[in-house]
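S.K.: Sequence:
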Amino acid sequence: MSDHGDGAGKDVLTGLSNGMDRHRSKDKDHHSHKHKHKDKDREKSKDKSRDKHKDKHKDKHRDKDKHKDKSKDKERKHDKEERKHEREDRKHSKEDRKQDKGEKKKEKLKEKSEKTYVEVKNEPVSEDDDEMPLASRSFSQTSQDDSEDDDQPLAFRKKIKTEVKAEKPVKRKAEEMVDDEDDGYVTSKTKNKKIKEEKKGKPEKKQTTPNGASPTKRGKKEKKEEEETWKWWEEEKHEDGVKWKSLEHQGPVFATDYEPLPGNVKFKYNGKEMKLSSAAEEVASFYGAMLDHDYVTKDVFNKNFFKDWRKFMTHSEKEIITDLKKCDFTQILTYFKAKSEEKKNRTKEEKQQLKADNEEIVKEYGWCIIDGHKQRIGNFKIEPPGLFRGRGDHPKMGMVKRRVMPEDVIINCSKGTAPKPPPGHKWKEVRHDNTVTWLASWTENVQGQVKYIMLNSASRLKGERDWQKYEIARKLKDTVEKIRETYKEDWKSKEMKIRQRAVALYFIDKLALRAGNEKDEDQADTVGCCSLRVEHITLHEQKNGKQFVVVFDFLGKDSIRYYNEVPVEKRVFKNVQIFMENKKPGDDLFDRLNTTIMNKHLNDLMDGLTAKVFRTFNASNTLQEQLDKLTDSKSSVTEKILAYNRANRAVAILCNHQRSVPKTFAKSMENLQKKIDAKRESIEEAEKSYKDLKKEAKKTGSATAKSAAEKKEKQLEKLKEQLMKLEVQATDREENKEIALGTSKLNYLDPRISVAWCKKHDVPIEKIYNKTQRDKFQWAIDMAGPEFEF
DNA sequence: CCTTGAACTTAGCAGTCATACC
DNA sequence: GGTATGACTGCTAAGTTCAAGG
1 MSDHGDGAGK
11 DVLTGLSNGM
21 DRHRSKDKDH
31 HSHKHKHKDK
41 DREKSKDKSR
51 DKHKDKHKDK
61 HRDKDKHKDK
71 SKDKERKHDK
81 EERKHEREDR
91 KHSKEDRKQD
101 KGEKKKEKLK
111 EKSEKTYVEV
121 KNEPVSEDDD
131 EMPLASRSFS
141 QTSQDDSEDD
151 DQPLAFRKKI
161 KTEVKAEKPV
171 KRKAEEMVDD
181 EDDGYVTSKT
191 KNKKIKEEKK
201 GKPEKKQTTP
211 NGASPTKRGK
221 KEKKEEEETW
231 KWWEEEKHED
241 GVKWKSLEHQ
251 GPVFATDYEP
261 LPGNVKFKYN
271 GKEMKLSSAA
281 EEVASFYGAM
291 LDHDYVTKDV
301 FNKNFFKDWR
311 KFMTHSEKEI
321 ITDLKKCDFT
331 QILTYFKAKS
341 EEKKNRTKEE
351 KQQLKADNEE
361 IVKEYGWCII
371 DGHKQRIGNF
381 KIEPPGLFRG
391 RGDHPKMGMV
401 KRRVMPEDVI
411 INCSKGTAPK
421 PPPGHKWKEV
431 RHDNTVTWLA
441 SWTENVQGQV
451 KYIMLNSASR
461 LKGERDWQKY
471 EIARKLKDTV
481 EKIRETYKED
491 WKSKEMKIRQ
501 RAVALYFIDK
511 LALRAGNEKD
521 EDQADTVGCC
531 SLRVEHITLH
541 EQKNGKQFVV
551 VFDFLGKDSI
561 RYYNEVPVEK
571 RVFKNVQIFM
581 ENKKPGDDLF
591 DRLNTTIMNK
601 HLNDLMDGLT
611 AKVFRTFNAS
621 NTLQEQLDKL
631 TDSKSSVTEK
641 ILAYNRANRA
651 VAILCNHQRS
661 VPKTFAKSME
671 NLQKKIDAKR
681 ESIEEAEKSY
691 KDLKKEAKKT
701 GSATAKSAAE
711 KKEKQLEKLK
721 EQLMKLEVQA
731 TDREENKEIA
741 LGTSKLNYLD
751 PRISVAWCKK
761 HDVPIEKIYN
771 KTQRDKFQWA
781 IDMAGPEFEF
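full-length UniProt numbering numbers the first residue of the first sequence as 1 and each following residue consecutively.
Some hints here could point you the wrong way.
[To be verified] Under the rule of at most 30 Å between Cα atoms (straight-line distance), these lysine-lysine pairs were calculated in the DSS-like manner:
1. Lys712 x Lys344
2. Lys428 x Lys307
3. Lys374 x Lys767
4. Lys712 x Lys725
5. Lys675 x Lys711
6. Lys674 x Lys691
7. Lys612 x Lys519
8. Lys674 x Lys298
9. Lys694 x Lys725
10. Lys679 x Lys706
11. Lys351 x Lys776
12. Lys355 x Lys307
[Stated by the list, open to error] Label pairs and their calculated CB-CB ranges:
13. Arg389 x Glu259: 18 to 26 Å
14. Ala279 x Gln449: 20 to 28 Å
15. Asn358 x Gln722: 52 to 60 Å
16. Asn358 x Met405: 18 to 26 Å
17. Asp257 x Asp604: 34 to 42 Å
18. Leu642 x Asp257: 46 to 54 Å
19. Ile676 x Val637: 37 to 45 Å
20. Asn671 x Thr334: 29 to 37 Å
21. Glu350 x Ala279: 26 to 34 Å
22. Glu259 x Lys237: 44 to 52 Å
23. Asp604 x Gln673: 55 to 63 Å
For the record, the hints were derived by calculation from the structure and aren't laboratory data. The structure presented is a predicted model; accordingly, all values stated were derived computationally and were not measured. Glycine is no exception: its CB is placed at the ideal position from the N, C-alpha and C atoms.
Using the sequences and the accompanying hints, generate a full structural model.
M.R.: Take a look at the structure:
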């Protein structure tokens, strides 16, 4: 097992017949309580036998068969229930840890060395058969020193760090100022004037022309010019930490005011009509509009909603409405449905008018002027109020997301250019912080996180960072072999922490796992590499003819299931065995590790290296390899594109980018199959008549018959070709049904690889990237020649 | 050191749009 | 001309990372 270099997981990468069993975990279906209970029971029995590995394995096997039965959803339910049970355990252990932290250093030290000792004792068993008796000897002997070592250098490091910090000038903080009028006045004012002039100049031209003769042509032309002119990648970069010199914008667009329901739309409680206060009605309508959605079948959702809804009720409403089950929102739903129907049926003119209105808003608020250049803003609209739709098993789903007011919003811009708040309102604050890239921000009430208005991905600010990201990934390509040697060496380390780190890094490298930060209890329970728990992996000395197989089965980001059976090096296998010893299913697999430790180590190995760089590197590298492998320069453009898509798919599989099977998938597949069958039939027919014609031509020898036969032959060929195309389409679609290509294309694949490939193989870039993507990757399209290699 | 929070990237979904197809 | 379908876009949740403060 020394194949690491090209990583397993990659043998899978043609993406065509992947050995990985990946399943989506979202449960979209309604689930009956029956299932729940069943799962619960199963779960219980599992709990009982959790310390017996054999039983556990069995259990997992059963699970897998179940997957193959396509009962993914049930499966996930099971996972969930399981987690719920074990959450308790986790809480405890977490609390223990927290307590640990709180205690005095000396005690901590003692405890630590004790723990190390325990682990050490187990060590030799597994190490013995491997190859280093040395380690086993030194391990237990030095363990105590180790723990001291462990602590001491840390203390030293800390000192050094603080010293260094003290010397360094503190990072420039925003000069948080309540708006304009003050010192920097003259300079900023003059600067602003310049900008304003520029700004004034352009839009005015723009606005006048559309009213004139040929609006569309002219508009397009100008837009093009604007977007294509700024080749920021040929300009000098900003000094460290500074994100802009000048920034001017119009502020965000707020959600439209609440529009009360018409009088004939009635909410009913306990069968009786009831007029709600405006605030309560608004929240009720959020719920009513979602009545068809799966969310409303979930207890957590309903509970959260109801609790929050009551906060918006008047006193008397609160008294009456005490049970969500007695609420009847159906008229509200009907109303919204009718409304969207109406929307669909609007006349052309109305639609056009609407479109024009929207464009007007974009023109006004969708752009900013940054360092003298007009750039598109990504999300200039403030999120409207509604019910929080967390993904997966989110404890906060259904909570009311409040309406954001100007008073909640912080504006960030150049001095003296602050946009006016909507009439009758004030901004929460106006600041001028050029060390950040956001134009406006507010704190959302459900999770308490800050939300930002930022630039579009075609902007310099985003593009530059994107470019930089890929440069770091390329740098990793040069050093990755060395890093691999290092961590392989570390598998043998006598220090548990280092071993864990090395094994985790191996997974990150080989499987492109995410780092895996710790999460709070009030978020969905998902994990990444460092936060894997014992319950997420199972070990098999032997599985499907392969040795030392680790089976990963966990919910990752967005509660997407990751399932993968991975043959690993023996040493890794043994190490994981050790990590799992004496642990409950809910315990951390890498109990000595977190993302901070991992990233710190990575940064020591290479400047700028973090866990996620491996994902970028892995993805881009894979694309390059696959393209080189799959592209036949003699083939047609269509075939080349197929090759590209396959390479892309390989990456998507590696990164576990899934999507739900499109709702219409089965149907459209059926249609396609019908087409294929029809085509087959007509081929048969054509074949028959061709034979007949040929016979006749032979018999009669007439020229007309002969040419008719030839004609038929050609037709036949054409038909066959069409059939082939359809078949390719069918397999392509089938292979793609659960895989999302977009995410990797947008976030992980160095666009220069694709651009170079297009240039080298004479494939028009439009075939690979749509307009938005071309905008985003402008820099790459401009700078990468056919010779570029990742 | 550990926790928390800010800032920025990555993610899938749902609605809309464009286009192929009848 | 209408409809079905896939592509695209907007949306916003959910990650990662870094740095500050306790």
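S.K.: Going through the earlier hints one by one, which of them does the structure break, listed in rising order?
M.R.: Hints 1, 8, 12, 15, 17, 19 not satisfied by this model.
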